[in-house]
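Q: This is what each chain is made of:
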Amino acid sequence: MSRMSETVSTASNAAGAWTNPLRDPRDLRLPRIAGPCSIVIFGVTGDLSRKKLLPAIYDLANRGLLPPSFGLTGFARRDWTEDHFKDFVKENVQEHCRTPFKESTWKQLAAGIRFVQGTFDDPKAFERLSETVAELDRDRGTRGNHAFYMSVPPRAFPQVSRQLADCGLAKSDKGAWRRVIIEKPFGHDLASAKELDRVVSEVFDPSSVFRIDHYLGKETVQNILALRFANAMYEPIWNNNYVDHVQITMAEDIGVAGRAGYYDGIGAARDIIQNHLLQLMALTTMEEPVSFSAADLTAEKTKVLSAVRLPKDLAAHTARGQYAAGWQGSHEVVGYLDEKGIDPNSTTETYAAIRLDIDTRRWAGVPFYLRTGKRLGKRVTEIAVVFKRAPHLPFESTATKELGKNAIVIRVQPDEGVTMRFGAKVPGGTSMEVRDVSMDFGYGRSFTESSPEAYERLILDVLLGDPPLFPTTEEVNLSWKILDPIEEFWSTLGQPQPYRSGTWGPEEAVEMLARDGHRWRMP
Amino acid sequence: MIITMKDTETREISAKIDELHEERGEAALGRVLTLLISTNETELEHDLEIANNASREHPCRVIAIAPSSRKANPEDEEHPTFLDAEIRFGSDAGAGEIIVLRPRGGLIRHADTLVIPLLVPDTPVVAWWPNEAPANLSKDLLGSMASSRITDAMHSSNPQRTMDDLRRNRSSKDVDMSWTRLTVWRAMIASMLDQPPHLPVSNVRVTGQKDYLPLDLLAAWLRLRLNVPVMIEEDPDATAVTGVYLTRGDGVLSLERPSTDDGFAVISVPGQSPQTISVPARTLEECLSEELGRLYPDEIYNEVVSRGLELVKPRQ
Chain V
0 MSRMSETVST ASNAAGAWTN PLRDPRDLRL PRIAGPCSIV IFGVTGDLSR
50 KKLLPAIYDL ANRGLLPPSF GLTGFARRDW TEDHFKDFVK ENVQEHCRTP
100 FKESTWKQLA AGIRFVQGTF DDPKAFERLS ETVAELDRDR GTRGNHAFYM
150 SVPPRAFPQV SRQLADCGLA KSDKGAWRRV IIEKPFGHDL ASAKELDRVV
200 SEVFDPSSVF RIDHYLGKET VQNILALRFA NAMYEPIWNN NYVDHVQITM
250 AEDIGVAGRA GYYDGIGAAR DIIQNHLLQL MALTTMEEPV SFSAADLTAE
300 KTKVLSAVRL PKDLAAHTAR GQYAAGWQGS HEVVGYLDEK GIDPNSTTET
350 YAAIRLDIDT RRWAGVPFYL RTGKRLGKRV TEIAVVFKRA PHLPFESTAT
400 KELGKNAIVI RVQPDEGVTM RFGAKVPGGT SMEVRDVSMD FGYGRSFTES
450 SPEAYERLIL DVLLGDPPLF PTTEEVNLSW KILDPIEEFW STLGQPQPYR
500 SGTWGPEEAV EMLARDGHRW RMP
Chain E
0 MIITMKDTET REISAKIDEL HEERGEAALG RVLTLLISTN ETELEHDLEI
50 ANNASREHPC RVIAIAPSSR KANPEDEEHP TFLDAEIRFG SDAGAGEIIV
100 LRPRGGLIRH ADTLVIPLLV PDTPVVAWWP NEAPANLSKD LLGSMASSRI
150 TDAMHSSNPQ RTMDDLRRNR SSKDVDMSWT RLTVWRAMIA SMLDQPPHLP
200 VSNVRVTGQK DYLPLDLLAA WLRLRLNVPV MIEEDPDATA VTGVYLTRGD
250 GVLSLERPST DDGFAVISVP GQSPQTISVP ARTLEECLSE ELGRLYPDEI
300 YNEVVSRGLE LVKPRQ
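Note that the protein sequences, when read in sequence, are chains V and E. Oh and the first sequence: position 447 is 446 in numbering that gives the first Met the number 0, straight run, nothing missing. Oh and the second sequence: position 92 is 91 in numbering that gives the first Met the number 0, straight run, nothing missing.
Next comes chain V alone, as it looks inside the complex (with noise of 0.2 Å):
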C-alpha cells in the first residue's frame, strides 16, 4: 500500500520532521504511554496529594501508561526517611486509588520513589532535591524530563519558583522537558493573577505551565464536545432562537470545613465561579472549533469569555448568602460565622449567583445564571439549559397547565449523564392534558463502572506536554475581568445574606431570577 511506504519514508526523514513508525493515526488500540520522566509533588502530605494525586499516579501506573523510567518524588517538611515517606504512599494510595491494588505495580512504582525533607526557604534543601533529581536521571534513566507540581498555598508558589531556578531544576537541557503545575487559585483579582503569572513565567517558559482546573479533567465535561459537536440534532437549537436561558449550578453540600484559613476573604465566587463555571459556560456556550487542538479550543473559549457583559445593576442582577446554623440533611450543623478559624465579623459570601450575557449573535438576549454555594441541598454540578416554551400550543390552555419548560440538563456529578425534560401526554383521562416527563442517559449505565477520575486524565497530559485541558493565562485573565467589577461591588454590601444551611441559598437569589421571569431549577 503506498501509504505505507510514505510513513517509512518519513521516518527516515530529517530528524526535524521524525515520525515514529510503529505509530499511525488509524491505530487506535495503541494507548499514549508518557516518556522517561518524574513528577516531584511540593505539600505531598496534604489533602489533594494524599486524596488525589498519589492515587492517581498509581492508578495510571496500574493501568500501564508510566514509562518504567519514572520517577514520584516527594517534598515536604516532615522529618521523614524514604521508608517512611513509602509506607504513607502506600497507605494513601491503597485507601484511594480507583484500580485494584497490586503488588507487583506497587514494587515497580515505589521503586522509584524519593523523598526530600526541607522547606521552601531552605536553599540547601532544593540543592538535596536537585541531586534527588540527577539521581533519578542516572539511575532510573528519567533523562532529565521533570515535572513539579505545586500542591501549595499560592503564597508559596514565588518562593519554591525562584529556589528551583536558583538550584538549576527550572531549565532543562535541550531534549528534555521542565513542567510546572499549578493548582487554583490562580490569584484573587486580574491584578494579583498578573502577578502570580508574571512570577512564574520568570522561571518557567509559558507553555511549560499547567493550570489545572481538574471540572475538565472530568469525562462529563469533556462530553459536553461530543454533545454538542459530534450530533447534529442538538447544534441546531442551541442559540437564542431556542435558548431562554442557561442555569449553571455548583452545589456543594459540605461547609468550609479545613478550609477556613483559606476561604475566608475568598469566597464562593472567586472560589468556585472564577474558574469552574465560567469554564463550563465557556464550553457551554463556545463556537465549534475548527479541531481540538488547544489553540483551536483556547481561541473558541477566549472568544466567547471575552464576548461576556456584566449586567448594569449589579445589585438587582447578583446575589450573595452565607450559610448560617441549621440541619445539613440529618445532622446539625453550625452558621458559617461559628465555623472554627472564622471571623465571626467576615463579610467573606459562601453563595453567590450572578447573571451574565453573552454579546454573539448566537446568545444575545439569552441570559447565563451562575450559582455556587457551600450547605445547599446537595451536592451537585449541572448545566441546564433550558428552552423557549413552543411559539403555539394548539391545546386548551388548560391541557399545558402542569407543561414546564423543555430543558437539557449536562450533569456533571454525581450521576454523570444528560437529562431530556419535554412534555408528554397524560394516559386515559377524557381530554387531552401534557405533563414534564424525563428523559435519561446515564454514563455509568452505557458505559463503564468507573471511569479514569479527573487526575489521571490531567498528570497524563501533563507528562505527555498535551495541553488543551487547561486553562491559559488568558482565559484566567478574562474571568477575572468578569469577576472583579462584582466583588468590587459586594465588598461595598457589608454582611451577605444568611440563609439556613441545607437550603438552596438566599433569598435575594430567589428575586434575583423572579426579576426576569424565572426560578431557579431544584438540581
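For the record, the hints were derived by calculation from the structure and aren't laboratory data. Note that the structure is a prediction, hence the values are computed from the model and not measured. For each residue, glycine too, the CB sits at the ideal point set by N, CA and C. Among the hints, erroneous ones may be present.
Unchecked claim - Interface residues of chain E toward chain V, partial, derived using beta-carbon atoms under 8 Å:
hint	residue
1	Leu43
2	Ser170
3	Ile266
4	Gln274
5	Thr275
6	Pro279
7	Ala280
8	Arg293
9	Leu294
10	Glu298
Said to hold, decoys possible - Restricting the straight-line Cα-Cα distance to at most 16 Å, the calculated cross-link-like pairs of lysine to aspartate or glutamate (EDC-like) are:
hint	chain 1	residue 1	chain 2	residue 2
11	V	Lys101	E	Asp234
12	V	Lys377	V	Glu251
13	V	Lys106	E	Asp261
14	E	Lys209	E	Asp234
15	V	Lys101	E	Asp260
Please build the complex by placing chain E on the supplied structure of chain V, with the hints as guidance.
A: Just chain E now, with coordinates in the frame of chain V:
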C-alpha cells in the same frame, strides 16, 4: 437470578425479559451492544464469566448459543428439535443481562433467526467465537449479522489452520484475539522508539513460544511498519512472547519478559541502565473488553494479516 426455560420459544424469552425489566425498573436502553457468543456446553460457563467481567465496562446484552446435548423423551423421534433457554439477571449477569440458548436438532442450522428477535434494538452486534471459529465468518449465519467479529484462533483445536482460514476469508470486520494480546507489547515498543535518538532500525529479532500466533503477528507488524528484516526465534521453554530486539546504529534496544508468571519485563536501551516494568500477561477479560471498546474496523490488523504475515512466514 437465573431463570431456566425448557423447551421454549424466542417469543417467550422476549416476553420474560420485558417482564423482568419492568419488575426491576430497568430499561434495556442502557445496553450499548449485543454480544453473541458462539460456544459449546463445556466452555459455556467459562465464556460467560469472561463476558460478565467485560460487561462491567461495556454494559451489554449477552446471547450465548451452546447447542444442547439433552436427550428428549426416549419415545420421541430420533433427532428431536427443541430450544432450551436460560435468562440471567442481576448478580449472575455482571452489568448486563445474559440469555443462554441451547438449541437442538434443526434449530442449530437457524441460529440467526433464533437470535434476531432478541437483539438490543438499533445497537451494534458483536460476535465472539471463544474457541472454534467457522472457516468463513462473513458467510456464517451469526457472523453475517454482526458488525464486529472476534475470533480466538489460539483456543481452537488447530490454531494454525484456523488462522489460515481466517486470513483466506478475511474481512475488515474481523479481528483475532491473538492481535489483542499484543497491544501492551506494541505500545511499549512504540514508546521505546518515541525517545531520542531517532535512529533508523536496521533489523529486528523477536523470540517466543513455537508456533505462537501473537509472536507471528508481532513480527509481521514490525516487518510492515519498519520495513526491515524481522527474524522469529523460537524459544523452547517459552509460553508467550519473550523478547523483542531492535538493532539500531547505537546498539540494541530490547524488551524482554522471560516469564509471564512474575509478570516483570525489562527494557534496555543503549546508554541507559535497564529498567523493570510490571507487565502481567493479559487476561481474556482485558482482551474482550478492549475489543468491545472499539467497534471500528482495525485497518492495521488487516494489513498485518493480509500482507505482513506472508512476509515473515511465507506459506509452505
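Q: Against each hint, give a clear statement of whether it holds in the structure.
A: Each hint tested on the structure:
1. Leu43: With a minimum Cβ separation of about 25 Å from chain V (threshold 8 Å), the hint on Leu43/E is violated.
2. Ser170: violated (17 Å)
3. Ile266: Since the shortest Cβ distance to chain V is 5 Å, the answer is holds.
4. Gln274: holds (4 Å)
5. Thr275: holds (6 Å)
6. Pro279: holds (7 Å)
7. Ala280: At 12 Å from the nearest chain V Cβ, Ala280/E fails the 8 Å test, so the hint is violated.
8. Arg293: holds (6 Å)
9. Leu294: violated (11 Å)
10. Glu298: holds (5 Å)
11. Lys101/V - Asp234/E: Distance ~29 Å between Lys101/V and Asp234/E Cα, so the pair is violated.
12. Lys377/V - Glu251/V: Given pair Lys377/V, Glu251/V holds - Cα atoms ~6 Å apart, limit 16 Å.
13. Lys106/V - Asp261/E: Holds, at about 12 Å.
14. Lys209/E - Asp234/E: Holds, at roughly 7 Å.
15. Lys101/V - Asp260/E: Since the Cα atoms of Lys101/V and Asp260/E sit roughly 14 Å apart, the hinted pair holds (cutoff 16 Å).
In summary, the structure is inconsistent with hints 1, 2, 7, 9, 11 from the numbered list given earlier, while agreeing with the others.
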